[in-house]
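Asker: Spelled out from the first residue to the last, the chains are:
There are 2 protein chains.
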Amino acid sequence: MKNKAAEPTKDTFKHFFNGAFSVDIVLIAYLDGSLKFLLQKKQDYPLVNEWGLPGDLILPEQDTDKAIDELLIKNIGHSDVFKSNLRAFSELNRHPLGRIITIAFYGLISFDKVPNKLPENFKWANLEANYELTLDHNHILEEAKKKFKENLIQKPVVFNLLPEKFIISDLIKIYELAFDKKVDVANFRKRIVSSKMIRSTGEFKQRYKSHGRPAEYYTYEGPTKKKSEKESILFNF
Amino acid sequence: MKNKAAEPTKDTFKHFFNGAFSVDIVLIAYLDGSLKFLLQKKQDYPLVNEWGLPGDLILPEQDTDKAIDELLIKNIGHSDVFKSNLRAFSELNRHPLGRIITIAFYGLISFDKVPNKLPENFKWANLEANYELTLDHNHILEEAKKKFKENLIQKPVVFNLLPEKFIISDLIKIYELAFDKKVDVANFRKRIVSSKMIRSTGEFKQRYKSHGRPAEYYTYEGPTKKKSEKESILFNF
DNA sequence: ACAAAAGTGTTCTGATTACACCCATGC
DNA sequence: GCATGGGTGTAATCAGAACACTTTTGT
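Here the protein sequences line up with chains A and B, keeping their order.
For the first sequence, the working numbering assigns the number 1 to the initial residue and increments by one for each residue that follows.
For the second sequence, the working numbering assigns the number 1001 to the initial residue and increments by one for each residue that follows.
In short, the hints are calculated from the structure, not lab data.
In this text, a Cβ means the ideal position worked out from N, Cα and C, and glycines have one as well.
Treat the hints with care, since some could be wrong.
[Unchecked claim] DMTMM-like mimics (lysine to aspartate or glutamate), calculated; alpha carbons at most 20 Å apart, straight line:
1. B/Lys-1014 - A/Asp-184
2. A/Lys-173 - B/Glu-1231
3. B/Lys-1123 - B/Asp-1032
[Stated by the list, open to error] Covered stretches of chain B, going by a simulated chain A footprint (3 or more residues, C-beta under 8 Å):
4. 1084 to 1092
5. 1113 to 1126
6. 1153 to 1162
7. 1187 to 1198
With the hints as extra help, turn the sequences into a complete structure.
Answerer: Written as C-alpha cells, this is what we have:
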C-alpha cells in the first residue's frame, strides 16, 4: 500500500487531450414561400468545394455558443436567430482529419433578418431537396428537421421564422410546408386567436399584383398563460 | 498568387487537437416504489470522493456509445438498458483538467435488471432529492429529468422501466412520481388498454402481506398502430 | 363482515372536425 | 360581376374528466 505509484497530476491525462471540436448549424428560414436551410461550400482543406452545413473547427479554448454566433455574424451579418442545442455527433470516423466531435445546433431566422446578399460560398437550399452533403451532415440535417417538426407542434417556435408583424396565412403556410399536409384554416385560426398568443395590430397588408381581401398583421404576445393546468396527467402517444 | 503559402496538411490543424471527451449517463430506475438515479463516487484525481453521474474520460479513439456500454457492464454487470443521447455539455471551465466536452446520455433500466449488489462507490439516489454533484452534473441531471418527463408523455418509454410482465398500477405509479400528480386510474387504464399497446397475460400477481384483488400482469406489445393518422395538422401548445 | 386494491360503466362537458358562409379587394 | 384570398359561424361528433360502482382478495 505504501509502495503505490506517484500521485496523478494533470500530465497523467495528457493522452486524453488529443481530440478536436467543431460546431455546425442547421439554420432554417421561410423564404419565397418555402422552407430553406443554409448551406456552405467548404473552402478549407480537406473538404475543399464540398457543400455542407455552416460550421467550423473550434479551438479548445473557444466557447461553442460564441463560436456559432461568430460564424453567423461573419457570414450573415448578425446572430439574431433562435438557436437550440441539438446534440453532439461523435462517430469515430466522421472526419478525415481525426477525431472531431461536432456540437450541432438548429436555428430559426425570420425572413426579414435574412441578408440580401450572402457570401459567395453560401446559399439557401430547399429543406426538402436531397443534397449530397459532406461528412455526416445529411444525418445532422435529418435530426434537425425531426426536432424542428417536433418543436413546431409542441412549442411556439414558428414565430422565430416570422417578423414582428406577420399574417396568419404565412403562419399556416409554414405548417403546411413542414408537414406536407393541409391545415384547416378556419380551425387553426380560431385556435391560435383564442389562445391569446397572438394579437391583431389593426394594420393590413397592402397587396400588389394580386387581389383578395387584405390580410391583417398579427403580432406574437408570448406563450399561452396555461389556461386550465390539468389536475390529472396522462400520456399522449 | 503563385507565392501563396504551403498547402495545408493535417499538421496545420494540430492546435485544434488539444481537447478531451467524456461520457456521462443519468440512469433512471423505478425501485422500491420510487424513481431513482445512479450515482458514482469519483475515485480518480482530481475529483476524489465527490459524487457525480457515472461517467469517464474517453480516449480520442474510443466510441461514445461503446464507452457507455463498457461503463455500465463494468459497474452494473450488463448494458441492457434504454439509452438516449441527451446532448453535449461544453461550458469552457466545466472541468478542472482542461477543456473536456462531455456527451451526456439518459437511460432507463427495468427494475428486474437492477443488480442486487453495486460496487461500493455506486448508489441509487432518489430522483427528487437534492444532491450537490460534482462539476456541472446537477445541470446535466436537470436536463435529463426534463427530457425524461417529456418522453414519458410523448413516447412509450415507460416500458423500459418495467419488466416484460408488469402490473398497471406500477405503470401509473411511475407517472404519479414523475409528475407529482394524481392519475385518474379509470381513465388511464381505459386509454392504455384501448390503445392496444399492452396486452393482458392471464397471469396474476400473487400478493403477500397485503390484501386486495390480485392485479393482472400485462405485457408491452409495441407502439400504437396509428389509429386515425389525422388529415389536418395542428399545433398543440 | 369489512377493508383494501383492482378493475368497469356511465354521464357530462368541452374540444375538435367539417364545412358552409360572408367580406374586401383587383381586374 | 366574378375570381381570389381573408375571415366568421355553426352543427355534429368524439375524446376526456369525473366519479360511482363492482370484483376479488386477506384478515
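Asker: The structure should be examined with respect to each hint, and the outcome stated for every one.
Answerer: Taking the hints in turn, this is what the structure says about them:
1. B/Lys-1014 - A/Asp-184: violated (56 Å)
2. A/Lys-173 - B/Glu-1231: Measuring from Cα to Cα gives roughly 16 Å; hence the hint holds.
3. B/Lys-1123 - B/Asp-1032: holds (14 Å)
4. 1084 to 1092: This one holds; 7 residues, not fewer than the three required, reach chain A with a Cβ under 8 Å.
5. 1113 to 1126: This one is violated; 0 residues, fewer than the three required, reach chain A with a Cβ under 8 Å.
6. 1153 to 1162: n = 5 at 8 Å, threshold three: holds.
7. 1187 to 1198: holds (count 4)
Violation of the numbered hints given earlier is confined to hints 1, 5; the remaining hints are satisfied by the structure.
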